[in-house]
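Residue numbers (the working numbering), protein chains in the order written: chain A, 1 to 334; chain B, 1 to 334; chain C, 1 to 328; chain D, 1 to 328.
Derived from the structure by calculation, the hints contain no laboratory data. Please note: incorrect hints may appear among the correct ones.
Derived DEER-like restraints, expressed as beta-carbon distance ranges [claimed, not checked]:
no., chain 1, residue 1, chain 2, residue 2, range
1, C, Q260, B, E27, 31 to 37 angstroms
2, A, P192, D, F249, 42 to 48 angstroms
3, D, L307, C, R203, 16 to 22 angstroms
4, A, N234, B, I207, 58 to 64 angstroms
5, B, F291, A, G237, 55 to 61 angstroms
Derived EDC-like pairs (lysine to aspartate or glutamate); straight-line CA-CA distance at most 16 angstroms [what the hints assert, rightly or not]:
no., chain 1, residue 1, chain 2, residue 2
6, A, K296, B, E60
7, C, K188, B, E30
8, C, K28, C, E296
9, B, K31, D, D280
10, A, K288, B, E289
11, B, K61, D, D137
12, D, K168, C, E296
13, C, K168, D, E313
14, D, K168, B, E289
15, A, K61, C, D137
According to the in silico footprint, chain A covers these stretches of chain B (three or more CB under 8 angstroms from chain A) [what the hints assert, rightly or not]:
no., segment
16, 56-68
17, 134-141
18, 173-187
19, 230-237
20, 294-300
The C-beta atom is built at its ideal place from N, Cα and C for all residues, glycine as well.
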Amino acid sequence: MSDAVKEKEPQITILQAINAALADAMEEDEKVVVLGEDVADPEEGGVVGVTKGLSTRFGEKRVRSTPISEQAIIGAAIGASLVGYKPVAEIMLMNFTTVAMDMIVNHAAKLRFMSGGQTNVPIVIRTMTGTGFGSGGQHCDYLEAWFAHTAGMKVVAPSNTADAYGLMRAAIKDPDPVLYIENLPSYWAPGPVPEPGSTVPLGKARITKDGSDISIISYSRTLNEALGAVEAMNSQGVSAEIIDLRTVSPWDKETVIKSVAKTGRCLIVHEAVTQFGVGAEIAATVSKELFGSLKKPVERLGAPYAPVPFSKPLESAFAPDAKRIAEAAISLCK
Amino acid sequence: MSDAVKEKEPQITILQAINAALADAMEEDEKVVVLGEDVADPEEGGVVGVTKGLSTRFGEKRVRSTPISEQAIIGAAIGASLVGYKPVAEIMLMNFTTVAMDMIVNHAAKLRFMSGGQTNVPIVIRTMTGTGFGSGGQHCDYLEAWFAHTAGMKVVAPSNTADAYGLMRAAIKDPDPVLYIENLPSYWAPGPVPEPGSTVPLGKARITKDGSDISIISYSRTLNEALGAVEAMNSQGVSAEIIDLRTVSPWDKETVIKSVAKTGRCLIVHEAVTQFGVGAEIAATVSKELFGSLKKPVERLGAPYAPVPFSKPLESAFAPDAKRIAEAAISLCK
Amino acid sequence: MTTNYTPDAKTQLDMYRRAALLKANDEKSRKVIKSGRLIMPYYSYRGQEIIPSALCSNLNDDDYLVTIYRGIHDMLAKGMPLKDLWAEIAGRVDGTCKGKGGPMHLTYPKKGIMVTTGIVGSSMPVATGIAWGAQMDGGGRVSVATFGDGASNIGAFHESLNLASIWKLPVIFLCQNNLYAEHTTYEKGTAVDRIADRAAAYRMPGVRVNGNDPIEMYAAAREAVERARAGEGPTLIEAMTFRFHGHVFGDADAYMDKEQKKAAMENDPVPQLRKRLINDGLATEEQLSHIEKEIEDDIEAAVAFALNSPFPEVSELTTDVYGEGARA
Amino acid sequence: MTTNYTPDAKTQLDMYRRAALLKANDEKSRKVIKSGRLIMPYYSYRGQEIIPSALCSNLNDDDYLVTIYRGIHDMLAKGMPLKDLWAEIAGRVDGTCKGKGGPMHLTYPKKGIMVTTGIVGSSMPVATGIAWGAQMDGGGRVSVATFGDGASNIGAFHESLNLASIWKLPVIFLCQNNLYAEHTTYEKGTAVDRIADRAAAYRMPGVRVNGNDPIEMYAAAREAVERARAGEGPTLIEAMTFRFHGHVFGDADAYMDKEQKKAAMENDPVPQLRKRLINDGLATEEQLSHIEKEIEDDIEAAVAFALNSPFPEVSELTTDVYGEGARA
Ligand SMILES: Cc1ncc(C[n+]2csc(CCOP(=O)(O)OP(=O)(O)O)c2C)c(N)n1
Ligand SMILES: Cc1ncc(C[n+]2csc(CCOP(=O)(O)OP(=O)(O)O)c2C)c(N)n1
Ligand SMILES: [Mg+2]
Ligand SMILES: [Mg+2]
């Protein structure tokens, strides 16, 4: 298909894809409810409008704006889920999960196990994060490693419209708590219109681009940075296979190992701080599983060990971008 | 020195070593203050008595029992530290850090950086955890990986009396926030009396036992389980070098790499869930740094991906013990 | 305090039946633990029996309860079967949670016992959420969070009461004020004379009652339940009581006022209720002895059942982390 | 409300000087952002100037302030130098935080501006802790936490007020009630008619004042400061006000009541104070114009200074994570 034709295809943004997934899920299942700060339409359907229109369409009984009370928000979601609802709760920014960690970690994640399977907590926690808007140290952290380390939680982080839609639909249907990570600067990135009703299975990665020299593993915004690095890599004769993890936990070991077994090189990229980040688990696993057959040590590219800085040049140097990904991949393939 | 002589040396418990470190620090520096639930003597100096005697000796102005308000406890410590105090705050159990994560992660860890170095937060957060007492899913988690992933935090976890004392003294003197992890079942383990005033530098591991076949890296209670595995390993002709990390973050890469470079094999052991745990960072780093020279893939032994179970046989199977450590080490050396 | 809701004879007997069960079960528990037959952290509720007995005389099986580590009295009053309870605290496969939850995480949804939490204050956000579900269902079901006096100082209390009030949720916040939070006295931790007064900060009715007085406690619970069922929103009840045996089994109690404790134990509310029922002619000595004997036998049978139940297979360690069909 | 504390002429002029600075600085900020010369999240405080102006007329340089993302008015009133401020929000090396903190994390300990937080409610626990330090020091210093109406619904509020009261700490909880929390109205989120009434839940004096009235606001602040200095403990002040320009720069305000907003802007408190000072003969038109001109010039100079200051070296990314001598 030529680029010209492609451009004529209808497009929507990631933000719209999430909105559509919520709307379709609510339409299909009346037990799906939405809550969070400013999520209803009198409050403009969320600070960036992800839930816009839902309360008008489904009523403020099912789409509830809350006080600034994150413990109560997650508690409300957990409680309602215990009696048959499928709440989608918004924690406006990922750093604000810090005031609700007890509810998420000690309760949502554990109730199924601690009750011996008598109860379960089918909630989705939507949250957004990411550098790029000069919000500084307390508004941009990627904290997915915490939740991936928490038994009972699932963590997804879409990078495009199809996954944004499909992972949301799957997360809502899932019988367990799912943390759904949205990237703030990517909201307005356009992409193909997802097929209504489509789901993307949790725990399944996607080979976004085939390649033979190196496997680049990423998710969320940095996956697109990796795609942005393709040209630079090609120009140096480096053929990268790019894998979108989509689900950070449980992650798709099989797909990753298979790819790295083929390419012999592995670069893991994420916006979170490298140290003790998600890349560590993947690197440890790949290094072990493919011991003796790797061409190069597994490399990780994440943020430096520092809080997110405000000043633009520092902020720009904080998260991996296409340029640094290309450099790292090319240097690994030398 | 024969065992008979050793036994005559005066001994104290880890609990007493922590208590002595606090008392000596308070004696030396009047800016050292202690706060937490039940920490003063009218409340028995803590639920297990770690802070016993301190308020009687130094006054309830410097040793303050608090309401059950973990956010306020850490906030109080942060605030007092900003104006010149060196608070040691107790969060009774590690799982209760979940209600104070905002204060710890968004504030204590970041204020130095966000203020461009104008302020700093020299606090120590003491917390205890560990399986063994049948406390179930919400009282025993090892969550050190979260804090190790948080830029600005330091994390220590002593395994014996000397380190319990020396790390506490160093943590109190340190200009930044330190999370000090105590293991509940180890409190009453006896050991040599630490030298008054001695410190153990943060970030320095200790080779607890020399060996040539495999490096076992651990900290906190499982370090002692590793020591308990020595006989079984010896009997199979396996000579293990056992390294006590002591500081989990920033961890002593140099000592670990040097040891594994020598032995060619590496087993990392901790009580925390293996997936996305501290062992992942160490395994990823060791695999990379010693790429091509390892005799075996780096192995990790931690808890399964599950909440802590109550039932005794399950609880006993949850955390690595001497037997499983020996098995894993022996199998790696085959 | 309203006095519109005086329990009739049948209800009073029902309350006594529950309270006697709770008392006997606590005594048995401490005996079994002391004997070394069971090892676990045990938070005795002895002295607090009237509160859940009076509460649950007002609840239906499909009303909801979220309780805490010190909550076995609440669960038994709500209908937790003795065998499921004892097998659980013994860590056996026949336990209500297959032995995986233990005494701090007992759950029994069949009787509305939805969550037991070991985190101070965390019963409240969850019970509030359940009440939100109940409100959406429209079936008139009520959700109750029980918690201690110390828990009234933690953030989750504040957020829950505010949300419950704003959304007019059918939830009852039942504070069992036993005057201690672990080793800390009420006064040392709590900057208000009466926790009930905190209700005003949430435009919510708040009432302090003598939780050891069945009539008073019943009326308060009844009023709150009716409010909730009628869609009029939440209530905060502060039920004054006392725990006889320290914070946790093995606690030496040195921090407790000896006189205060002695006085409380002399005013043991369960035998007092018993005496009054007989004095007021609402029950006979024989009737009550018969009930108590039945209870003894049931508990005995439950303990025997529990100790004979097998431990779970070690494979249970990694089940129930995710649900069926979910990728682990 | 007490009326013992009427500000004298000098103090009123001092308040106006601060308020005029705040107003001019906000206007300049929005202009500079609109022009594209600076890019940042900007939370206009326009309309709330009187509150910190009256507060800080009662504070010394060594009193402490912990403020929030919407806090540049608080900082300027407390003495943050314009150049340090502007260079910081421009992300330059001459900024008070070397450009690393930015508009949400401005800090200037030399004037007691200890922390600016972007987390709703988190000013309170930290300010409470500073007050604990001040209490131990015994120097009579006061610590102030400012926060919004929405922040009164989060757990940290509850825990902080309780602890501050129990420990009798010299802290002032200053709620700037601008009737909105992001896009949510006060009533929709807050289950109490007056936040000041929540003080009763902590045995603490609570007062609601018109925060836009310099006399009323001054008196309330003065009384709270004196209480704190005298060791009598904390105070909750709810200062009623209104934000003119939505939650964040760029906010379309569609959720706001047009009439309400129009009325508030017509009652702009800064020109009102100006007018009254002249009418009451406390200042002349020339005097005030002169002050305003000085302010304009200072701001202009600060903006120029900021835009000419270099950006920090990229190596700054990994400094100040740990302190000197500490192992990184
Ligand atoms: C968040 C949290 N902090 C601390 C603890 C430890 N802890 C367990 S029970 C308890 C005292 C609770 O007192 P109260 O709320 O009065 O209940 P009671 O035990 O008296 O029934 C404390 C501090 C905990 N479980 N959770
Ligand atoms: C814990 C937390 N939750 C949510 C947010 C997002 N947020 C930023 S400002 C704000 C509204 C705060 O309203 P209010 O306290 O009234 O202060 P105002 O902005 O009106 O000055 C919200 C919800 C946050 N920063 N922190
Ligand atoms: Mg209590
Ligand atoms: Mg507001």
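Here is what the structure says about each hint:
Checked against the hint of 31 to 37 angstroms, the C-beta distance between Q260 of chain C and E27 of chain B comes to roughly 36 angstroms, which is consistent with it. A C-beta distance of roughly 33 angstroms is found between P192 of chain A and F249 of chain D, which places it outside the suggested range of 42 to 48 angstroms. A beta carbon spacing of about 50 angstroms between L307 of chain D and R203 of chain C contradicts the range 16 to 22 angstroms that was offered as a hint. Range check, N234 of chain A to I207 of chain B: about 48 angstroms between beta-carbon atoms, so the 58 to 64 angstroms window is missed.
At roughly 23 angstroms, the beta carbons of F291 of chain B and G237 of chain A sit outside the given window of 55 to 61 angstroms. Note on K296 of chain A and E60 of chain B: the hinted pairing is violated, with a Cα-Cα distance of about 59 angstroms set against a maximum of 16 angstroms. Of the pairs offered as hints, the one joining K188 of chain C and E30 of chain B is violated, with about 24 angstroms between alpha carbons and a cut-off of 16 angstroms exceeded. The suggested pairing of K28 of chain C with E296 of chain C holds, with an alpha-carbon distance near 9 angstroms, which does not exceed 16 angstroms.
The hinted pair formed by K31 of chain B and D280 of chain D fails the criterion: a straight-line CA distance of about 51 angstroms is larger than 16 angstroms. Distance hint between K288 of chain A and E289 of chain B is fulfilled; the C-alpha atoms sit about 14 angstroms from each other, no more than 16 angstroms. A hinted pair counts as satisfied when its Cα atoms are at most 16 angstroms apart, and K61 of chain B with D137 of chain D qualifies at roughly 11 angstroms. Annotation: proposed proximity of K168 of chain D to E296 of chain C is violated, straight-line Cα distance about 51 angstroms (limit 16 angstroms).
Simply put, K168 of chain C and E313 of chain D have alpha-carbon atoms about 54 angstroms apart, too far for the 16 angstroms limit, and the pair is violated. Proximity of K168 of chain D to E289 of chain B is assessed by CA-CA distance (about 55 angstroms); at most 16 angstroms being required, the pair is judged violated. With a C-alpha separation of about 11 angstroms, the suggested pairing of K61 of chain A with D137 of chain C holds against the 16 angstroms cut-off. For the segment 56-68 of chain B, the proposed coverage by chain A is not satisfied: 0 residues have a C-beta within less than 8 angstroms of a C-beta in that chain, short of the threshold of three.
With 3 residues having a beta carbon nearer than 8 angstroms to a beta carbon of chain A, the segment 134-141 of chain B meets the requirement of three or more and the stated coverage holds. Remark: the segment 173-187 of chain B is not confirmed as covered by chain A, as 0 of its residues place a Cβ nearer than 8 angstroms to a Cβ of that chain, below the required three. Residue count for the segment 230-237 of chain B with a Cβ under 8 angstroms from a Cβ of chain A: 0. That is fewer than the three needed, and the coverage hint is violated. Residue count for the segment 294-300 of chain B with a Cβ under 8 angstroms from a Cβ of chain A: 6. That meets the three needed, and the coverage hint holds.
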